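Protein sequences appear in the order of chains A and B.
Here the first sequence stands for residues 3 to 115, where the numbers follow our numbering.
Here the second sequence stands for residues 30 to 143, where the numbers follow our numbering.
In short, the hints are calculated from the structure, not lab data.
Remember, it's a predicted structure, so these values are computed and weren't measured experimentally.
Ideal placement from N, C-alpha and C gives every residue a C-beta, glycine not left out.
Among these hints, one or two may not hold up.
[Claimed, not checked] Estimated spans, in silico, between C-beta atoms of each pair:
id, chain 1, residue 1, chain 2, residue 2, range
1, B, LEU40, A, PRO77, 33 to 39 Å
2, A, ALA84, B, GLY89, 40 to 46 Å
3, A, GLU81, B, LYS46, 46 to 52 Å
4, B, THR107, A, THR72, 27 to 33 Å
5, B, LYS30, A, GLN24, 32 to 38 Å
6, A, GLU103, B, LEU111, 21 to 27 Å
7, A, PRO77, B, THR99, 40 to 46 Å
8, A, ASP40, B, ASN31, 14 to 20 Å
9, A, MET29, B, SER112, 23 to 29 Å
10, B, GLN101, A, GLU81, 23 to 29 Å
11, A, ARG111, B, SER82, 37 to 43 Å
12, A, THR7, B, ARG90, 26 to 32 Å
13, A, THR113, B, GLU34, 26 to 32 Å
[Claimed, not checked] Here are the computed lysine-lysine pairs in the DSS-like style, where the Cα-Cα straight-line distance is at most 25 Å:
id, chain 1, residue 1, chain 2, residue 2
14, B, LYS100, B, LYS130
15, B, LYS46, B, LYS86
16, B, LYS100, B, LYS30
17, A, LYS59, B, LYS46
18, A, LYS46, B, LYS46
19, B, LYS30, A, LYS46
20, A, LYS59, B, LYS130
[Claimed, not checked] Computed list of chain A residues with no C-beta within reach of chain B, every gap over 12 Å:
id, residue
21, ASN30
22, MET43
23, GLN104
24, THR115
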Amino acid sequence: NAGVTQTPKFRILKIGQSMTLQCTQDMNHNYMYWYRQDPGMGLKLIYYSVGAGITDKGEVPNGYNVSRSTTEDFPLRLELAAPSQTSVYFCASTTAGGPYEQYFGPGTRLTVT
Amino acid sequence: KNQVEQSPQSLIILEGKNCTLQCNYTVSPFSNLRWYKQDTGRGPVSLTIMTFSENTKSNGRYTATLDADTKQSSLHITASQLSDSASYICVVSARGGATNKLIFGTGTLLAVQP
């Protein structure tokens, strides 16, 4: 199993550009998450999904969109990038919403200038 | 307000020594508490998950404790190795909703020196 994979690893965007961060998991997990990690801060939940076709907002959803057309994929879309979106983005997945381990991807480091 | 606070912020120890990291939380209603290890440039990796009824759990040289009455947890690392150098993140899950909300601490940065 590859686990949770994310692409790209690094990206530099200009203000106003758009991009999609890709996330794929091969563990047949129903639950998937997107977090951002800013320096000196704890991870913050952006969006989550409890299954294909179902998504919901987390703590910091503004400026982002997601879709979940398959169990495996959970892309995160940034529209009109802003410097405040400079961060490291992590995708995670788990079996269900209880005390189950969340498996994290390696992260995407995004800089908006 | 749901919060997770960790101490110390950073710690330097010599290889082979033990250390203990602390986590205090104000999260309600409590579901479970997790400790993650995050190597530089990588995603967090789960070390332990404890529910309300568990007060200790081990994973190799890592032992986590939980006192749900005082809302405190600790992570004890025994016989540290250079590979233990990482950020250790305490995460508390609040019960409720379609997915239990995870509240992340800011982490303790551990450096193990030879």
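Now the hints, each set against the structure:
1. LEU40(B) x PRO77(A): 33 to 39 Å: holds (38 Å)
2. ALA84(A) x GLY89(B): 40 to 46 Å: This hint holds: roughly 43 Å between Cβ atoms.
3. GLU81(A) x LYS46(B): 46 to 52 Å: holds (49 Å)
4. THR107(B) x THR72(A): 27 to 33 Å: Because 43 Å falls outside the window, the suggested range is violated.
5. LYS30(B) x GLN24(A): 32 to 38 Å: For GLN24(A) against LYS30(B), whose Cβ atoms are near 34 Å apart, the range 32 to 38 Å holds.
6. GLU103(A) x LEU111(B): 21 to 27 Å: About 25 Å separates the Cβ atoms of GLU103(A) and LEU111(B), which means 21 to 27 Å holds.
7. PRO77(A) x THR99(B): 40 to 46 Å: holds (42 Å)
8. ASP40(A) x ASN31(B): 14 to 20 Å: holds (18 Å)
9. MET29(A) x SER112(B): 23 to 29 Å: holds (25 Å)
10. GLN101(B) x GLU81(A): 23 to 29 Å: About 42 Å separates the Cβ atoms of GLN101(B) and GLU81(A), which means 23 to 29 Å is violated.
11. ARG111(A) x SER82(B): 37 to 43 Å: Check passed, 39 Å falls within 37 to 43 Å.
12. THR7(A) x ARG90(B): 26 to 32 Å: Holds, at about 29 Å.
13. THR113(A) x GLU34(B): 26 to 32 Å: holds (29 Å)
14. LYS100(B) x LYS130(B): Measuring from Cα to Cα gives roughly 17 Å; hence the hint holds.
15. LYS46(B) x LYS86(B): Holds, because 20 Å separates the two Cα atoms, which is no more than 25 Å.
16. LYS100(B) x LYS30(B): holds (14 Å)
17. LYS59(A) x LYS46(B): violated (43 Å)
18. LYS46(A) x LYS46(B): Status violated; Cα separation ~33 Å.
19. LYS30(B) x LYS46(A): holds (15 Å)
20. LYS59(A) x LYS130(B): holds (12 Å)
21. ASN30: Fine: 17 Å to the nearest Cβ keeps ASN30(A) off the interface.
22. MET43: violated (6 Å)
23. GLN104: violated (7 Å)
24. THR115: THR115(A) clear of chain B: closest Cβ-Cβ about 21 Å, beyond 12 Å.
Hint compliance for this structure: hints 4, 10, 17, 18, 22 and 23 are broken, all remaining hints hold.
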